[in-house]
Amino acid sequence: MAVHRIFLVASQTQESVEAQLHDAANAELLTRWEREWVPDLERAKQQLAAKNVPRAEWPHDLHWDWRKKLAYYKGLLGVETFAILCLERLQGLMMINLTKDARLAEQKGKPLVYVDFLQTAPWNRVDLVGSRQFEGIGTSLLLAAIARSEHEGFHGRIGLHSLPQSEGYYRTKLGMSDLGPDSLKQQLRYFEVSPEQARRLREEI
Amino acid sequence: MKTKKTMTLNLTDAEMTALDELASAKDLTKTSVLRQALRLYQMVDHRARSGDKMFFENDASKEKTELMFL
Chain E
24 MAVHRIFLVA SQTQESVEAQ LHDAANAELL TRWEREWVPD LERAKQQLAA KNVPRAEWPH
84 DLHWDWRKKL AYYKGLLGVE TFAILCLERL QGLMMINLTK DARLAEQKGK PLVYVDFLQT
144 APWNRVDLVG SRQFEGIGTS LLLAAIARSE HEGFHGRIGL HSLPQSEGYY RTKLGMSDLG
204 PDSLKQQLRY FEVSPEQARR LREEI
Chain B
12 MKTKKTMTLN LTDAEMTALD ELASAKDLTK TSVLRQALRL YQMVDHRARS GDKMFFENDA
72 SKEKTELMFL
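The listed protein sequences correspond, in order, to chains E and B. Residues 24 to 228 in the numbering used here are what the first sequence lists, from first letter to last. Residues 12 to 81 in the numbering used here are what the second sequence lists, from first letter to last.
Misleading hints may appear alongside valid ones.
Rough simulated footprint, nothing fancy, chain E against chain B, three-plus residues with beta-carbon under 8 Å [to be verified]: (1) 33-42; (2) 50-63.
Partial list, derived from the structure: chain E residues whose beta carbon lies under 7 Å from chain B [unchecked claim]: (3) Leu99; (4) Leu100; (5) Gly101; (6) Leu121.
Quick caveat, the hints were computed from the structure, so don't treat them as lab data. None of the values given here were measured: they were computed from a predicted structure. Even glycine gets a Cβ: it sits at the ideal position worked out from N, Cα and C.
Take the sequences, apply the hints, and build the full model.
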């Protein structure tokens with residue numbers, strides 16, 4: 024497992040804070056997920072239930088079980104995980120799949136890195152706690168996916184299905200191509216980054 | 012950086028042609044095509060062993076055909 028130095032932004036002070044990008048989520052990181060995230064996520068679910076928010080309107084990732092996800096894909100060459108640690112706490116997790124192809128017309132059929140799951144720590148989510156400790160976690164993980172794509176010879180191509188609460192971030196902030204709702208994926212919108220868009224993102228961010 | 016091991020691969024003309032064509036179509040090096048093939052084969056085998064079936068669906072007719080593994 025390799026560890027790379029990256030920087031996040033502390034939301035309150037806007038100062039850069041050194042963090043570590045791990046290119047594999049090991050048992051220690053999973054223990055951190057269980058200890059540091061799960062209690063907050065359970066609390067968030069209880070609060071939503073107490074406020075009678077319909078389940079369909081809950082953030083779709085509250086039930087994600089990273090231990091089960093990693094166990095299912097254990098040992099598979101086509102699935103990899105990344106994690107970000109900062110101030111000795113787990114800040115973000117991502118699972119990517121290297122066996123999918125691009126859908127953009129000019130890239131159709133060429134391999135890409137598909138971002139299967141991306142989740143940030145509960146204390147970094149405005150939708151859960153109204154504020155966030157660090158900014159840039161999702162972006163750092165997506166840049167890691169782009170770097171992995173380039174390293175694999177996929178020229179920076181990445182793709183993902185967005186949860187409804189994240190569509191604006193992918194479309195507007197990152198300028199990813201929006202290929203619309205996917206009937207095979209619960210109508211989630213599919214977004215993709217072409218090699219040109221990947222180059223732009225790496226230069227601008 | 013993960014440690015890599017080198018192996019020699021002997022291919023027939025037809026196999027090399029197929030590899031060249033896939034590398035060109037997929038915008039990949041020949042090494043990347045072989046690596047991708049291994050990932051896909053392992054993934055499909057894993058899903059099949061888990062009880063999943065793999066289908067191809069014709070985009071126009073929506074006809075599905077199951078891919079058999081022997």
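Each hint tested on the structure:
Coverage of the stretch 33-42 of chain B by chain E holds. Counting CB-CB distances below 8 Å, 5 residues qualify, and the rule asks for three or more. Counting residues of the stretch 50-63 of chain B whose CB lies closer than 8 Å to any CB of chain E gives 5, which reaches the minimum of 3, so the coverage claim holds. Here the hint on Leu99/E is kept, as its CB sits about 6 Å from the closest CB of chain B, short of 7 Å. Interface restraint check for Leu100/E: the shortest CB-CB distance to chain B comes to about 4 Å, inside 7 Å, so the restraint holds.
A hinted interface residue such as Gly101/E counts as satisfied when its beta carbon comes closer than 7 Å to some beta carbon of chain B; here the least separation is about 4 Å, so the hint holds. With its C-beta approaching chain B no nearer than about 6 Å, Leu121/E sits inside the 7 Å limit, and its interface hint holds.
Checked against the numbered hints given earlier, the structure satisfies every one of them.
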